[in-house]
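All chains should be built: construct the whole structure from the sequences, respecting the hints.
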Amino acid sequence: RKEVEQDPGPFNVPEGATVAFNCTYSNSASQSFFWYRQDCRKEPKLLMSVYSSGNEDGRFTAQLNRASQYISLLIRDSKLSDSATYLCVVNADYNQGGKLIFGQGTELSVKP
Amino acid sequence: DVKVTQSSRYLVKRTGEKVFLECVQDMDHENMFWYRQDPGLGLRLIYFSYDVKMKEKGDIPEGYSVSREKKERFSLILESASTNQTSMYLCASSQAGRGNSPLHFGNGTRLTVT
Numbered sequence: 001r002k003e004v005e006q007d008p009g010p011f012n013v014p015e016g017a018t019v020a021f022n023c024t025y026s027n028s029a030s031q032s033f034f035w036y037r038q039d040c041r042k043e044p045k046l047l048m049s050v051y052s053s054g055n056e057d058g059r060f061t062a063q064l065n066r067a068s069q070y071i072s073l074l075i076r077d078s079k080l081s082d083s084a085t086y087l088c089v090v091n092a093d094y095n096q097g098g099k100l101i102f103g104q105g106t107e108l109s110v111k112p
Numbered sequence: 113d114v115k116v117t118q119s120s121r122y123l124v125k126r127t128g129e130k131v132f133l134e135c136v137q138d139m140d141h142e143n144m145f146w147y148r149q150d151p152g153l154g155l156r157l158i159y160f161s162y163d164v165k166m167k168e169k170g171d172i173p174e175g176y177s178v179s180r181e182k183k184e185r186f187s188l189i190l191e192s193a194s195t196n197q198t199s200m201y202l203c204a205s206s207q208a209g210r211g212n213s214p215l216h217f218g219n220g221t222r223l224t225v226t
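Each protein sequence line maps, in turn, to chains A and B. Residue numbering for the first sequence follows the working numbering, starting at 1 and increasing by one per position. Residue numbering for the second sequence follows the working numbering, starting at 113 and increasing by one per position.
It is possible that some hints are incorrect.
What the hints assert, rightly or not - Pairwise CB distance ranges (calculated):
1. Lys130/B - Arg66/A: 39 to 49 Å
2. Asn22/A - Asp171/B: 15 to 25 Å
3. Asp163/B - Ser49/A: 18 to 28 Å
4. Thr127/B - Ser68/A: 29 to 39 Å
5. Ser119/B - Arg41/A: 17 to 27 Å
6. Gly9/A - Glu174/B: 29 to 39 Å
7. Lys182/B - Ala17/A: 44 to 54 Å
8. Gly175/B - Pro112/A: 26 to 36 Å
9. Tyr70/A - Glu181/B: 39 to 49 Å
10. Glu15/A - Ser179/B: 30 to 40 Å
Don't read these hints as lab results, they were simulated from the structure. Virtual Cβ for every residue (Gly too), placed ideally from N, Cα, C.
Right, here's the structure in full:
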């Protein structure tokens, strides 16, 4: 089983749609969770951290379910500029400091 | 703003050459990382470092080594480049902590080994 698993997509959605991505992780000791965004041929950039109580940043909402070991990202009112690959990121183990494990990414394409 | 700078954006090397990829960060971060990214495989951790002169193997260290002589600089070395090391290489840094610090990436070096 991969340490961090995501549906690779692609997700093709019309502008204005709501789209949700899920991600599962295998290490129950993981404590830190993030969503990164990566545009084509660019480096990944932090989209948002994921907190235990869930958190929202504008049109983006992140949720964490520790019991089931999954993380979700919800994008409301999709924009063309949201087209990118979304990477789920989990720290390997609390005792391994900053070592982060990346999922393979979910590709999103927002169409007019 | 954190800045992570990788010395080359594109690099073409021949099989058997020794290759140096340089990375410098300007935010006094303790942690530095080297990843490679390949289609269908995602980002894979090669080596990381939590302090000067300290290094730890990641998931795919074979064929690579690293050097961290100064806090701001983390070098990745391909001792004898091979065609299967053709990839996008990404350097990243983060603040010291217990895994809750996000990574800041450089803009990548696309290496082709012929």
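To see whether the hints hold, each was checked on the structure:
Against the hinted window of 39 to 49 Å, the Cβ-Cβ separation of Lys130/B and Arg66/A comes to about 46 Å, which satisfies the hint. A hinted range of 15 to 25 Å holds for the C-beta pair Asn22/A and Asp171/B, which are about 23 Å apart. Judged by the Cβ atoms, the range 18 to 28 Å given for Asp163/B and Ser49/A holds: they are separated by roughly 24 Å. A C-beta distance of roughly 47 Å is found between Thr127/B and Ser68/A, which places it outside the suggested range of 29 to 39 Å.
Checked against the hint of 17 to 27 Å, the pair Ser119/B and Arg41/A passes, with Cβ atoms roughly 18 Å apart. The beta-carbon spacing between Gly9/A and Glu174/B, approximately 31 Å, falls within the hinted interval of 29 to 39 Å. Our hint of 44 to 54 Å for Lys182/B and Ala17/A holds, since their Cβ atoms are close to 48 Å apart. The beta-carbon spacing between Gly175/B and Pro112/A, approximately 45 Å, falls outside the hinted interval of 26 to 36 Å.
Our hint of 39 to 49 Å for Tyr70/A and Glu181/B holds, since their Cβ atoms are close to 41 Å apart. Checking the proposed 30 to 40 Å range against Glu15/A and Ser179/B shows it is violated: the Cβ atoms sit about 48 Å from each other.
Of the numbered hints listed earlier, those contradicted by the structure are 4, 8, 10.
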